[in-house]
Amino acid sequence: MRNNSVRVIALAAALPLAALTACTTTDPSVTQTTAAGTGSPAASSPASKDWFDQTLYDTQNQQRSASFEGDPEQPYLQYIAGAMTDTSKFAAQGPQKVCFANASISNPWRQTGWITMNQQLKALQGAGVISEMETRDAKDNDNTQIADIDYFIAEGKCGAFVISPNSTAALTQAVERACQTGKPVVVFDRGVETKCATTFIHPIGGFAWGIDTATFLSEKLKSGDKVVALRILPGVDVLEHRWAAAKKIFEEKGIQAKDYFTGADPTEIKKIISDELATGDVKGVWMDAGDGAVSALEAFEDAGKALPVMTGEDEMSFLTKWKQTGIEAMAPVYSNFQWRTPLLALEKIFKGEQVPTEWVLPQKPILADELDDWLQRNEGMPSGHYAKFGGEDLDGYPEVWQQRQIP
Amino acid sequence: MKQRAGFFQRLSSTQIVYVVALVTLILGALLVNSVGRSFFSPGNISSILTGTSVLGFIAIGQTLVILAGSLDLSVPYVTSLASLIAAGVMANSPNNVLSAVLLTLAAAAVIGLANGLIVARLHVHGFIATLGVGLIISGYLATNFKGSFGQTPLAFRLVGATGLGPVPISTIIMLACAGLAGLLLHRTRVGHHLYAVGGDIAVARTSGIRVDMPVITAHVICSVLAGMAGLLLASRLGVGSPTVGSQGGYDLLSIAAVVLGGTLLSGGKGTIAGTLGGVLIFAMLDNIMSVMQVNPFLKDVVRGVVIVAAVAVYAGRRIVSRPERFPANGPAETPAAQPVPVEGP
Amino acid sequence: MSTALNSERSAILKQNRASRSERLLRAVRTPGGAVFVLLIGLLAAIMVLNPSFGEPSSFIRFVGRTAPIAIAAIGQYFVIVGGEFDLSMGSVVTMQVIVAGNLIGQDDAKVIPVLVLMIVLGAFVGLVNGLITTLLKVPSFIVTLGMMLALLGLVLYWTGGAAQGNPAASFRQIGRGGIQDVPVLDIIPYPVIILTAVAVAAFILMRRPFGRMLIAVGDNPAAAALAGSSVWWVRTRAFIMSSLSATVAGILLVGYAGVHPSVGRGYEFTAITAVVLGGVVLGGGRGWVLSAAAGAFALESLFTLLNFMGVQATWRDTVQGTIIIIAVAAASRSWQRKRKGASSAAHDEQHQLAATPTPTEGTEQGGERV
Chain A
240 MRNNSVRVIA
250 LAAALPLAAL
260 TACTTTDPSV
270 TQTTAAGTGS
280 PAASSPASKD
290 WFDQTLYDTQ
300 NQQRSASFEG
310 DPEQPYLQYI
320 AGAMTDTSKF
330 AAQGPQKVCF
340 ANASISNPWR
350 QTGWITMNQQ
360 LKALQGAGVI
370 SEMETRDAKD
380 NDNTQIADID
390 YFIAEGKCGA
400 FVISPNSTAA
410 LTQAVERACQ
420 TGKPVVVFDR
430 GVETKCATTF
440 IHPIGGFAWG
450 IDTATFLSEK
460 LKSGDKVVAL
470 RILPGVDVLE
480 HRWAAAKKIF
490 EEKGIQAKDY
500 FTGADPTEIK
510 KIISDELATG
520 DVKGVWMDAG
530 DGAVSALEAF
540 EDAGKALPVM
550 TGEDEMSFLT
560 KWKQTGIEAM
570 APVYSNFQWR
580 TPLLALEKIF
590 KGEQVPTEWV
600 LPQKPILADE
610 LDDWLQRNEG
620 MPSGHYAKFG
630 GEDLDGYPEV
640 WQQRQIP
Chain B
8 MKQRAGFFQR
18 LSSTQIVYVV
28 ALVTLILGAL
38 LVNSVGRSFF
48 SPGNISSILT
58 GTSVLGFIAI
68 GQTLVILAGS
78 LDLSVPYVTS
88 LASLIAAGVM
98 ANSPNNVLSA
108 VLLTLAAAAV
118 IGLANGLIVA
128 RLHVHGFIAT
138 LGVGLIISGY
148 LATNFKGSFG
158 QTPLAFRLVG
168 ATGLGPVPIS
178 TIIMLACAGL
188 AGLLLHRTRV
198 GHHLYAVGGD
208 IAVARTSGIR
218 VDMPVITAHV
228 ICSVLAGMAG
238 LLLASRLGVG
248 SPTVGSQGGY
258 DLLSIAAVVL
268 GGTLLSGGKG
278 TIAGTLGGVL
288 IFAMLDNIMS
298 VMQVNPFLKD
308 VVRGVVIVAA
318 VAVYAGRRIV
328 SRPERFPANG
338 PAETPAAQPV
348 PVEGP
Chain C
154 MSTALNSERS
164 AILKQNRASR
174 SERLLRAVRT
184 PGGAVFVLLI
194 GLLAAIMVLN
204 PSFGEPSSFI
214 RFVGRTAPIA
224 IAAIGQYFVI
234 VGGEFDLSMG
244 SVVTMQVIVA
254 GNLIGQDDAK
264 VIPVLVLMIV
274 LGAFVGLVNG
284 LITTLLKVPS
294 FIVTLGMMLA
304 LLGLVLYWTG
314 GAAQGNPAAS
324 FRQIGRGGIQ
334 DVPVLDIIPY
344 PVIILTAVAV
354 AAFILMRRPF
364 GRMLIAVGDN
374 PAAAALAGSS
384 VWWVRTRAFI
394 MSSLSATVAG
404 ILLVGYAGVH
414 PSVGRGYEFT
424 AITAVVLGGV
434 VLGGGRGWVL
444 SAAAGAFALE
454 SLFTLLNFMG
464 VQATWRDTVQ
474 GTIIIIAVAA
484 ASRSWQRKRK
494 GASSAAHDEQ
504 HQLAATPTPT
514 EGTEQGGERV
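As you go down the protein sequences, you meet chains A, B and C in turn. The first sequence runs 240 to 646 under our numbering. The second sequence runs 8 to 352 under our numbering. The third sequence runs 154 to 523 under our numbering.
Watch out, some of these pointers could steer you wrong.
[Unchecked claim] Looking from chain C toward chain A, a few residues come up when the C-beta cut is under 10 Å (computed):
#1 N203
#2 S211
#3 N319
#4 A321
#5 S323
#6 P414
#7 G417
[Claimed, not checked] Now the stretches of chain A that chain B is said to cover, found in silico as 3 or more residues with beta-carbon under 8 Å:
#8 369–378
#9 403–415
To be clear, the hints were calculated from the coordinates, so they are not data collected in a lab. Owing to the predicted nature of the structure, the values given are computational and were not obtained by experimental measurement. From the three backbone atoms N, C-alpha and C, an ideal C-beta is built for every residue, glycine too.
Next up, chain A with everything else stripped away, as it sits in the complex (with noise of 0.2 Å):
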C-alpha cells in the first residue's frame, strides 16, 4: 500500500517532467535578448557599488545649462534637442488602448503624479486620442511588475505601453519584451537598460539635483561649516545619483558633511538633528527628497538653534514651512509634472510625429524670488502636494488636487 502510492507519486512527478521536454513554451523574447545590460561585472567585484559617473555628471552639469525646445508655459512638452524616433510606423487612426504598468502609488510624489496623469488622460480621451488607459500598480515590487508588464502583452490588447520601471535592471527585459511586440513603449521617471523603447522621458538627472543643491549651500556656508544630509534610503538609484554629486562637491569645498538614513519618518529625522545639535552647530540641512522636512526644521525650533541653510523638494509642506520661518534655502525638483509627457508622448506617436528618443525635460529649483509665485499657484493644497505638478491648465483644477482623491 505504501509503496504504491509512492510509486503514483514517482510517476505523477515524472509525467510533466517528460512532457516537458516534448512542449515546452518559451517567451521568445528571452531567448532572442542578449545579455541585456551590463550589471556588475564578474563575482570579484567589490559588492558596494561606486554611485559616482564622471560622464554622466558632466553630461548632467552641462544640461543644468541647456536650451530647451519648446514653450517654458508648457515645461512638460519641453526637452533637449537630440536625436529623434520615427515613429511613422505607429501611425493610427482612431483612440487607442493605453496599457499603464505603474511601479506603485506609494508615496506622496507619486501619488500626486498619478492624479496629473489621471487628468491629462481625461482631457486626451475628450479629444478622441485615447479610447481608455488600464493600469497595474505593482506596489513597489520587482516581480509583481514584470508579471503585470506579460500579462499586459497576453491579455492586454494594448496599443501602446506606459511603463514607470521599479527599478532599473530587474525590469530590463520585461520592457524589451514588450518591445517586441512592435507596439510604441514610453518609459518614463526610472530607465532601464536597454535603448529599444521609442522614448525615454525624464527630467535632467540626479546628479544635476545634487550639483544644484550642494553650489547652492556651499556658496552661504563657509569652509569648516557642518551640513546634515538627510537621505531616504540606500541602493535606490535616482537618489544615489544625487548624493554622490553633492558628497563630491561638499567635499571640493570643504563642507562637512554627515549623511543619514531617515527612512522618510519624521520622527527619525528629528531625532538624528536633535542629537547632531547637542554635538554641535549645524548650519545647513540637505536633503535628498521633501518628505519630512518640516520635522527637521521643528527640530532646530525645540533646540533654540539658529535656523539653518536648507535645501529640500517642491513638496507644499516645505514650501509653506520656508515661507513662514524666512530660512535661507531653496527647492530643488524632481518634475512632477513628468507624469503629464508620457501620454502627451503618445499623441505625438499615435499622429506618426517624431519624438525624442530621449526626453529630457526641465529641471528647474524653486528659488526665493519664485517662491510667493509657487505657492499663490497651489493654494489650497494638501502638504503632500508637489509645487511643479504642472496641471493647472488642465480640467478639473484644483478642486482635483485638493481633496486627492486617488483614481
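Fit chains B and C to the supplied structure of chain A, relying on the hints for placement.
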C-alpha cells in the same frame, strides 16, 4: 439541519480551504467577465500560477516550521540573500549555474540551521529567533549591497520565463517540492515526529522523541525553500536584489497563507495541500483585483478582511472530534457497550 | 482577627524574609530586572562618549522623545503577557496621526472633540481585535495582521495617501511642548508627564485583580477559566489597552514628528522588541510592565549609542537582531533556572524557617477562644 451541520463538521480544514478556493474562482470568473476578460484565458492562468510560485516555495517551508510549533520571519531576507548569491556567482556565465545553485542552497541551509539551533537549543521563541536572524541578515545586506548585483545567464533565466502551456515551469517545480514535503510529513519518521513535537512538546519528549531534530530539520528545509524562491526571483529579474524579499512581504503573507490553509498556528495540525490552497486563494485574489483595477490601497483592505474572515470560518471548529458523552438534551444513546476487561483488585 | 496572631505572623515574616539588599539583588538577576541594569549601562556609555547628553536638560528631552515608544511598549506588554500578539499597533498610530491632521486642521475649537474621537476609535479597534480573537477564536497574530493591512489601506484610501498637513499648534503642544522654566531641568516635556502617568497607572493596574487575572490567563488560560475568570473579557480589555496606548503614542507623535503617512510604520515590531528585551516571555504569563517600558528606553539608548559611536546606520538592524536573540536566550535560561528551584538561597542556613505558630483552638461561633 443537523445533517448539513454534520456534513460541514466532517469536512477537514484542507477540504474547506479548497471550497473557499472554488468560491473565489467562481466569484473571480464572474467579476473578471464583467470587465470583459476571461478568467480562464492562458494569459490569466499563467499570471495566477506565476503569482503562486514564489509565495508557494516560502509557504511550504513555513508550513513545516509552523507545524513544529515555531515561526520563521527571516524568509524575506534569506530570499534576498539567495538572489544576490545566485546572481553574483553566476555572473552571466552558464558554467557557473550549478555551483551557484548549490552554494545558494547551502548558504540558506546554514541560516536555517542557525534558526533551528537558536530555537531548539537556546529555547528562544521562533518569532524572536527568526526575527533576530532576519534583522542580522538585513543589516548585512543594507551595508554591503547597494542596489542590484550580479547577472543570471540566459540558460537560468529560462526557468523563470518558460512554461508548459499556461503552466510555468516554476510552478511545476514548486508543486514537486510540495509533493516531497508532503511525503516527508506523512511517510517518514521525521514528519511524524514533527507533528508530535508541534502538537505537544512535553508529551513528545516523554514519548522518547528527540525534540530538537524535527524543529531543526523544519527550519533548515524552510530556509532552503526560501533560497529556492530567491533563485526563482533571480531568474525572473535577471539580477540579484537586496530588497526583492522585503518587497514581497513574504514573511507575514506566508504565515497568513499557511493559517488560511488550515494549519494551526500553535502547531501539530495542518497539511501542505491546505497551504497550497491558501497560496492559490491569495494569487487569485490579487489577479482579480488587478484585472478590475481596484485602488491599490483598497487591495490591502480586501486582503486583510479575507485573511481574517477565511480563518474565522474554521477557527471555531473543534480540533479533536469525539462523540459527546453528556449531550445537552438528555442522555445520549450509549454505543454498544464493549465488555471492559476488569483488572483484579 | 486577633492582633496577637497578626503580630506573630509579621515577626515570623520579618525573620524569614531576606534583607532588602538581597531582595533587590535577586530582582536584578531576573530578566525583568536585568533590563534596568542594561539601561543604566547604556546610558553611562552614552554619557562617556558625549558628556553633554548627561546634562539634565538634554536628558529630559531624551526621555520625552522616547515616551511614545515606551507607551506603545506598555500597551504591547498587556497583550503579550496575556499570551497574544498585537501587530496592528503601527497602523493604529498612523491612523490616529492622520485623523488628527485631517480633522483638526487649524481650528482650535476642534481639538477636544477630535481628541475624544481618536480615543473612541482606538478603543473600538482594540475591541474588534479582542472580540475576533476571543469569540471567533482566530489567532491574534492573524487578526491583528489583517487589521494592520485593512486599517492602513483604509486610511490611505481616505486621504489619497498624503495627509492634509500639521494640525493646530495647540494640539501639537501636547507632543512638542512642556512646562517651561523649570529649575535644573529647563523644561519638562509634556510627553514625560504623560509617560509617567501611564506608567504609574499601568503599574497599579497590574497589581489589581485585572492585572493578576491577565497574568493568570497568559500563563494557563484553561486553569484561569476554571478558576472563574472571564477569559474573553480579560483578553479583550488587554487589546483595548494596547490600542489606546497606540493612540496616546500617536497623539504625542503628532506633536513631535508632525503628520505624515510614514509615522508609526513598524511600531509594532519595535514595541514587541522592547517588551521582549524587558524580559517578558512571548506566550504570556511572565514579566513586569515597567520592564517593558525600560526595554523601550534600552532600545532607544542603544540606537543613540550606536549613533554617537559612529556605527554605520545600516548596521543598526544587525545589532538589534543580535541583542534580542541574546536577551531572550538569557531570559529563557533564567526563567528555566528559577523553575527548577536551583536557588541556593532557599537552602541557606540563615534562612531556615523559624517555627510557625501553632493555631489556637477555635469556637463553634467563630473567633478565637479567649
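Failing hints, ascending? 4, 5
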